[in-house]
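Student: Protein chains in written order, with my numbering: chain A, 893 to 1325; chain B, 63 to 237.
The set of hints was computed from the structure by calculation and includes no laboratory data. The C-beta atom is built at its ideal place from N, Cα and C for all residues, glycine as well. Be aware that one or more of the hints could be misleading.
[As the list claims (entries may be wrong)] Some chain B residues well away from chain A (every beta-carbon gap over 12 Å; in silico):
| hint | residue |
| --- | --- |
| 1 | Arg107 |
| 2 | Glu185 |
| 3 | Pro188 |
| 4 | Asp189 |
| 5 | Val193 |
| 6 | Ala197 |
| 7 | Cys200 |
| 8 | Gly206 |
[As the list claims (entries may be wrong)] Pair by pair, the computed Cβ-Cβ distance ranges are:
| hint | chain 1 | residue 1 | chain 2 | residue 2 | range |
| --- | --- | --- | --- | --- | --- |
| 9 | A | Asp1133 | B | Pro217 | 38 to 48 Å |
| 10 | B | Arg75 | A | Ala905 | 33 to 43 Å |
| 11 | A | Gly915 | B | Leu198 | 16 to 26 Å |
| 12 | A | Ala983 | B | Gly132 | 40 to 50 Å |
[To be verified] Computed footprint of chain A on chain B, listed as stretches where at least three residues anywhere in the stretch have a Cβ under 8 Å from a Cβ of chain A:
| hint | stretch |
| --- | --- |
| 13 | 87-101 |
| 14 | 167-173 |
| 15 | 207-219 |
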Amino acid sequence: MPVASTLVEKILAPRSRGPVVPGSRYHAVEVDLVLAHDATFTLGIERIERLGLPILTPEKLLFAADHFAPPSSPERAAILGRYVTFLGERALPRDQLFRGISHQLAVEDPRVRPGRVVVGADSHTTMVGALGCFATGFGTTDILGVLATGTAFLEIPPSIELILRGVLPTGIEGKDLALAMLAALGEDGALGHALELHDHTGGSIDFDARCAITNQAVEAGATSAAFVPDAVTAGILHLRDGGAPPDLDRWAPDAGANYARSLVIDVASLPPLVARPGSPADVVPVDAVAGEPIHQAFVGSCAGGRLTELEAAASILRGRRVAPGVRLVVTPASEQVWRAASRSGALGTLSEAGALVTNPSCGACGGIDKGLLAAGELCISTSNRNGPGRMGHRDGRIMLASAATVAASALTGRVTDPRTLARSQLASWDVPR
Amino acid sequence: MTCPSPPSPSEQRLLCGRALVLGDHVNADLLHPPAFFSLDVTRLRAGFLAGLGRETDASSDGTTWIVVAGRNFGCGSSRETTVDALRRGGVVAVVAPSFGRIFRRTAAALGVPCFVSQGSLAEVLPDEELVLDAALACLVAGGGARRIALEAPDPFLEAVHAAGGLLEWLGHRRS
Ligand code: SF4
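So that you can see chain A by itself, here it is in the shape it has in the complex:
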C-alpha cells in the first residue's frame, strides 16, 4: 500500500539522493533555484576564489542586490562593488540586481513554481513557500556547498499542519495572521519542522498575505513553510505567467499523511495584533499598547512591503497627513511592487501624506539605512524582527504590526488600532483583494 505523504514529503522524496554519509539524518537534496544577495554572498567570494569552488549553472541562480542598495557607507559600497564585480567576472546573472528583495524577486520569477526546491543565503527564504514549494535559508558556507554540488544537505523535516479557517475580516492583514501564528507557536514551536498551511478561508487570504505568513514562519523556527497549492496559487501563477492554470492537485497532501502536530487558527475573530518590542512572538491585540507615542513608522521589508500593504497604508492616509514629527518610511519590496503601487496611486497618496518613499530594498529593516533608530525611539513596523539592535541602537524599540496599524499610528503619532479611526476616515479602507 502506498504511504500517505505530506506536501514536503511529496516534494523532497523524488529529489533526495539519500543520506549524505551512512547513518546520517541529513540527505543530499537536489535544488532547483539558489537565491543570494550582496550582503551574505560576498562573505563567500574570497573562498570561492581561493579554493576554486565551482558554481551552478546560471539557470539555477537568482542574485539580488537588496541590502546595500544603494550603499549607505563607503565600506558597504566596497562590499557591494566586490559582489557586482565578481558576478560580472564570472558571467553570473546580474539582471535582477537592484530590482528588489531576493525573496520577493523569487516569487515574481517564473522558475519558482509549486513543488520546486529553493534555497537562499538568507533566513527569510521560507517566504518563497507561499507558492507551494519547499524553500529554506542557509548561511553563506552552506550556500557555497550548494553552489558547488547542486545539492543541499538537509534534515528532512517532519511537518506541522496549520489550518486557517473562517473568513478574514476586512482590514485584517497577512501580518496579523503571521503574528497569530507566532503567538500560537512561540519562538521555537516549529523548530526542526516544516509548516504546511491549509487555507480553508474561501480564498480570503490573498497571495501577498500568504507571503507575509511564510516569511515569518522562520521566527517560529520553521525550516520551511508552504501553502498547499490551491485556487489562489493557480490565480497568481496565471497572472504571473499567463497560459492555462497548472495542475496543482498533485501537490495536495494525501489523506492520512503523517503530521507531527496539527493546529487550527480561526481567522474570523482576529483583531489587529502587535508584537511588542523584544520578541516577534510576544503578541497582543493592538488595544493593549494603544496610545504609546511613536517616532517612526515603517511600511516595507520582505515581510510587509508588497502592493497589498502599500495600498492598505494608502487607504488609511488618503487625504491626510502623518502626525508632525513622525517619520513614515515606505520601502516597496521590489521594482514590480513599486510600479504597481505607482500605477494604483498608492505611492502618490502616501507621498502626499508625508511618507518618505524609498527605492525597493531592505532599507530600514536590518538597520541598514533610511530609518535607523536612536536609543529610546519606538518604531512600529511591518517588518519581521524586533529584537534589540535590529534597526539601529540596541535601546531603540520595534513593534511589529500590519500596514493598516502602522499607517494609523503614523497618522496619530501613537500606536493606534486602525478600527478606532473615525468612520469617515475608514470609508475607503476596503483594500481590494
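Got chain A sorted already, so can you dock chain B with the ligand onto it with the hints?
Tutor: Relative to the frame of chain A, chain B with the ligand by itself:
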C-alpha cells in the same frame, strides 16, 4: 578531568574553555548586531555579543569559551558573521538544549561544533573552566564534579567537524 594545554593529537576531541552562560532565544542579532556586518575582522570582532551589552567578554587575550546557552540558541538571521565573530572571539563549542537551524549548520560549516544537552545546564557557573569531551559526548564542569550528557552528533555534522568545516569536508570528498 583537566584540560592539557595544548591538547595532544590523541586529545583533540577535548575542547576546553571558560563558560559563557547565556539565556533562551538568544538570537543572531543579539550575538552580533547587524550594524557590525563587515568584511573587516576588527570591525567584525567589535560586534561580539554587542547586542547583549557584553562586549567586555570579548577579550582578545586568547581565552577560549564554551557557550552554555538556553533554548533555541542562535535563532533568527542567517548572517554568517555572527558565527564568525563568535569563533574569532574564542568560542570553541556551544552547548544548548536546542539551536536555531541555520546557526547550528553554519557553526558546523565553520568548524564550531554545537552540542545538544541532555541534562540540565542550570548548574554551569559563569566563567568556570569546562571540558567538553566530544568522543564521550559529555560536558564536564566543576573540575570533574559535574558531568552533563550531550547528544551524540549526527555522523554528517561529525564528519564536517572532523574535517575542520564544510568546504574542507567537500574537498576531502572530491579528492
Ligand atoms: S527585508 Fe529585512 S528580513 Fe527581508 S531580506 Fe532584507 S534585511 Fe532580511
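Student: Hint by hint, note whether the structure agrees.
Tutor: Hints, one by one, checked against the model:
no. : hint                             : verdict
1   : Arg107                           : 15 Å, holds
2   : Glu185                           : 23 Å, holds
3   : Pro188                           : 21 Å, holds
4   : Asp189                           : 23 Å, holds
5   : Val193                           : 27 Å, holds
6   : Ala197                           : 17 Å, holds
7   : Cys200                           : 21 Å, holds
8   : Gly206                           : 31 Å, holds
9   : A/Asp1133 x B/Pro217: 38 to 48 Å : 42 Å, holds
10  : B/Arg75 x A/Ala905: 33 to 43 Å   : 36 Å, holds
11  : A/Gly915 x B/Leu198: 16 to 26 Å  : 19 Å, holds
12  : A/Ala983 x B/Gly132: 40 to 50 Å  : 47 Å, holds
13  : 87-101                           : holds (count 10)
14  : 167-173                          : holds (count 4)
15  : 207-219                          : holds (count 4)
Of the numbered hints listed earlier, not one is contradicted by the structure.
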